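There are 2 protein chains.
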Amino acid sequence: MSGNSIADKKTFNNVVQYNALMKIAESRMTNRAFVPSYEVPKEHFEMILEAARNAPSGANSQPWHYIVVTDPAVKQKIGDFFIKEQQLRAKLRMGFPTPSYQGMKTAPGLIVILSDFRFIRAFPVLNDGSAMDLRYKRNAEWILLQSVAASTMSAHLAAAALGYAVWWSTAVGQEDIGSQIKPLLGIPDELSLIDIMCFGPPLKPSYKRWKKKLDEIMHWDRFNRKNFMTDADIDSWIKNTRHKVMYRDRSQVD
Amino acid sequence: MSGNSIADKKTFNNVVQYNALMKIAESRMTNRAFVPSYEVPKEHFEMILEAARNAPSGANSQPWHYIVVTDPAVKQKIGDFFIKEQQLRAKLRMGFPTPSYQGMKTAPGLIVILSDFRFIRAFPVLNDGSAMDLRYKRNAEWILLQSVAASTMSAHLAAAALGYAVWWSTAVGQEDIGSQIKPLLGIPDELSLIDIMCFGPPLKPSYKRWKKKLDEIMHWDRFNRKNFMTDADIDSWIKNTRHKVMYRDRSQVD
Numbered sequence: 000m001s002g003n004s005i006a007d008k009k010t011f012n013n014v015v016q017y018n019a020l021m022k023i024a025e026s027r028m029t030n031r032a033f034v035p036s037y038e039v040p041k042e043h044f045e046m047i048l049e050a051a052r053n054a055p056s057g058a059n060s061q062p063w064h065y066i067v068v069t070d071p072a073v074k075q076k077i078g079d080f081f082i083k084e085q086q087l088r089a090k091l092r093m094g095f096p097t098p099s100y101q102g103m104k105t106a107p108g109l110i111v112i113l114s115d116f117r118f119i120r121a122f123p124v125l126n127d128g129s130a131m132d133l134r135y136k137r138n139a140e141w142i143l144l145q146s147v148a149a150s151t152m153s154a155h156l157a158a159a160a161l162g163y164a165v166w167w168s169t170a171v172g173q174e175d176i177g178s179q180i181k182p183l184l185g186i187p188d189e190l191s192l193i194d195i196m197c198f199g200p201p202l203k204p205s206y207k208r209w210k211k212k213l214d215e216i217m218h219w220d221r222f223n224r225k226n227f228m229t230d231a232d233i234d235s236w237i238k239n240t241r242h243k244v245m246y247r248d249r250s251q252v253d
Numbered sequence: 000m001s002g003n004s005i006a007d008k009k010t011f012n013n014v015v016q017y018n019a020l021m022k023i024a025e026s027r028m029t030n031r032a033f034v035p036s037y038e039v040p041k042e043h044f045e046m047i048l049e050a051a052r053n054a055p056s057g058a059n060s061q062p063w064h065y066i067v068v069t070d071p072a073v074k075q076k077i078g079d080f081f082i083k084e085q086q087l088r089a090k091l092r093m094g095f096p097t098p099s100y101q102g103m104k105t106a107p108g109l110i111v112i113l114s115d116f117r118f119i120r121a122f123p124v125l126n127d128g129s130a131m132d133l134r135y136k137r138n139a140e141w142i143l144l145q146s147v148a149a150s151t152m153s154a155h156l157a158a159a160a161l162g163y164a165v166w167w168s169t170a171v172g173q174e175d176i177g178s179q180i181k182p183l184l185g186i187p188d189e190l191s192l193i194d195i196m197c198f199g200p201p202l203k204p205s206y207k208r209w210k211k212k213l214d215e216i217m218h219w220d221r222f223n224r225k226n227f228m229t230d231a232d233i234d235s236w237i238k239n240t241r242h243k244v245m246y247r248d249r250s251q252v253d
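Chains as they are written, first to last, in numbering that gives the first Met the number 0: chain A, 0 to 253; chain B, 0 to 253.
Hints in this document: simulated from the structure, not taken from any laboratory.
Since we're looking at a predicted model, the values are computed, not measured.
Misleading hints may appear alongside valid ones.
Listed next, the stretches of chain A that the computed footprint assigns to chain B, with coverage defined by at least 3 CB atoms under 8 Å from CB atoms of chain B [stated by the list, open to error]:
1) 18-31
2) 93-106
3) 153-162
4) 207-221
5) 236-247
Straight-line Cα separation of at most 30 Å, BS3-like style, residue types lysine-lysine; simulated pairs [unchecked claim]:
6) B:Lys22 x A:Lys136
7) A:Lys41 x B:Lys22
8) A:Lys22 x B:Lys212
9) B:Lys210 x A:Lys41
10) A:Lys211 x B:Lys212
11) A:Lys203 x B:Lys76
12) B:Lys207 x A:Lys22
13) A:Lys74 x B:Lys90
14) A:Lys210 x B:Lys212
15) B:Lys41 x A:Lys136
16) B:Lys181 x A:Lys74
17) A:Lys136 x B:Lys90
18) B:Lys9 x A:Lys212
Ideal Cβ placement from N, Cα and C applies to all residues, glycine included.
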């Protein structure tokens with residue numbers, strides 16, 4: 000085959016399907032307050048996690064568990080743990096513009112996402128405790144996190160496809176929150192809390208956040224230095240831009 | 000509002016759109032050998048990275064860069080680095096059933112995925128070097144990795160939507176590969192190689208890998224102990240199942 004035959008172009012150019020995906024990807028918008036009285040049908044949870052189930056993972060290990068939380072009292076407690084963490088951050092003077100977690104307490108859809116880090120030993124590692132093993136184990140930990148995120152992203156797109164607003168709350172590494180949530184849901188010690196996914200009809204309409212332009216993230220054959228940020232650029236972004244791009248409509252940034 | 004009104008059910012029940020997404024998610028299948036002579040149109044790279052661009056990220060930092068590699072000589076070299084790593088793993092007797100990386104050398108679509116870990120300081124951290132800061136920094140590193148994976152997953156789904164077979168090759172933490180690829184593409188020292196994404200028309204048809212059943216990953220209000228794997232279960236899975244689920248058609252697994 001020299002170049003692309005017409006058949007190829009047709010087979011690998013399903014623009015209709017691509018456009019359907021992009022419509023969903025663009026409608027996936029973060030919202031942090033949902034209609035509390037709305038009841039998510041059970042089949043929607045199943046449909047959303049059916050998407051999560053189909054994601055790729057390192058060594059096809061599928062190292063994820065999803066707990067659908069429907070008990071209002073448990074949702075309240077989970078939201079309270081995040082609010083407590085937010086208060087701690089304020090006290091520590093992190094200067095991070097943490098969002099309000101109030102909406103988590105009454106989110107109609109709330110799914111606790113877990114991972115099993117024991118699967119690291121199913122990845123390319125030596126399991127002999129050597130320095131090289133530790134290097135590979137770090138690599139493996141990252142592969143595992145990427146796998147769970149790929150699965151979680153699929154779930155978020157599925158919720159967006161159904162028409163819901165979504166909220167991806169990272170809880171990774173926040174051991175306090177993890178250790179408080181675990182007994183509420185009977186989560187074994189061996190598993191780790193990774194994220195909370197909330198979704199539902201938005202209380203106020205969602206709006207599109209600022210995104211970098213395509214040519215700011217896309218490079219052809221060589222890294223384009225014009226897209227490089229110096230340390231000073233990053234510090235300035237944190238000081239002057241971060242709070243805007245986190246919370247404003249994109250039309251209100253710059 | 001008590002319960003769901005008919006209007007709600009209609010607005011948040013876009014099953015047609017959901018089915019379109021699921022068709023794409025299910026057709027996203029890993030393949031590791033593509034038609035070498037096929038030329039990916041430039042606009043397909045743009046369409047695929049347009050999906051990546053729309054992903055969510057911690058603090059909306061969008062800490063990702065995508066380098067499209069079109070130079071055949073550079074692709075050869077990148078493939079060779081992975082093959083060298085594979086040979087090292089064999090020599091170390093890892094026992095991991097590493098795939099063949101030959102197909103990477105001639106993949107029509109090859110995108111090098113980078114992240115900028117300096118954005119960790121834009122996440123909730125203290126930046127004072129304390130033990131608590133280190134804990135939050137680890138958390139932040141994970142948020143960053145999850146962000147890049149969410150973006151990468153979007154790109155893979157876009158490629159699958161167009162009709163391509165895809166291959167997600169993790170390179171995270173493999174510093175040797177990173178340090179060898181960087182000079183080839185003019186990648187600044189400050190950035191980290193995360194993954195290689197390959198795609199194209201498959202040389203042989205793709206096939207669906209084994210996936211856990213929905214009720215093995217989905218739990219209602221409490222973790223269902225029947226889905227818990229003991230350490231012995233995981234060891235046995237690695238020994239007896241891993242190689243099958245990584246490489247066989249799902250109809251050929253048990």
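Hints versus structure:
With a threshold of 8 Å between beta carbons, the proposed coverage of the stretch 18-31 of chain A by chain B holds, since 9 of its residues qualify and at least three are required. Look at the stretch 93-106 of chain A against chain B: 3 of its residues bring a Cβ nearer than 8 Å to a Cβ of that chain, three or more, so the hint holds. For the stretch 153-162 of chain A, the proposed coverage by chain B is satisfied: 7 residues have a C-beta within less than 8 Å of a C-beta in that chain, meeting the threshold of three. Beta-carbon proximity to chain B at under 8 Å applies to 11 residues in the stretch 207-221 of chain A; the threshold of 3 is reached and the given coverage holds.
Remark: the stretch 236-247 of chain A is confirmed as covered by chain B, as 5 of its residues place a Cβ nearer than 8 Å to a Cβ of that chain, reaching the required three. At roughly 35 Å between alpha-carbon atoms, Lys22 (chain B) and Lys136 (chain A) are farther apart than 30 Å, so this suggested pair is violated. In summary, the hint linking Lys41 (chain A) to Lys22 (chain B) is supported, as the alpha carbons are separated by about 21 Å, within the 30 Å threshold. Restraint check for Lys22 (chain A) and Lys212 (chain B): satisfied, since their Cα atoms lie roughly 29 Å apart, inside the 30 Å limit.
About 21 Å separates the Cα atoms of Lys210 (chain B) and Lys41 (chain A), which keeps this hinted pair within 30 Å; it holds. The hinted pair formed by Lys211 (chain A) and Lys212 (chain B) fails the criterion: a straight-line CA distance of about 38 Å is larger than 30 Å. Restraint check for Lys203 (chain A) and Lys76 (chain B): the C-alpha separation of about 51 Å exceeds 30 Å, so the hint is violated. Restraint check for Lys207 (chain B) and Lys22 (chain A): satisfied, since their Cα atoms lie roughly 26 Å apart, inside the 30 Å limit.
Restraint check: the Cα-Cα separation between Lys74 (chain A) and Lys90 (chain B) comes to about 50 Å, which exceeds 30 Å; the hinted pair is violated. For the suggested pair Lys210 (chain A) and Lys212 (chain B), the alpha carbons sit about 36 Å apart, so the restraint of at most 30 Å is broken. For a cut-off of 30 Å, the pair hint linking Lys41 (chain B) to Lys136 (chain A) is broken: about 37 Å separates their Cα positions. Annotation: proposed proximity of Lys181 (chain B) to Lys74 (chain A) is violated, straight-line Cα distance about 46 Å (limit 30 Å).
Between Lys136 (chain A) and Lys90 (chain B) the alpha-carbon distance is near 18 Å, which keeps this suggested pair within the 30 Å criterion. A C-alpha spacing of about 34 Å is found between Lys9 (chain B) and Lys212 (chain A), which places the hinted pair above 30 Å, so the restraint is violated.
Comparing the model with each earlier hint shows violations of hints 6, 10, 11, 13, 14, 15, 16 and 18; every other hint is respected.
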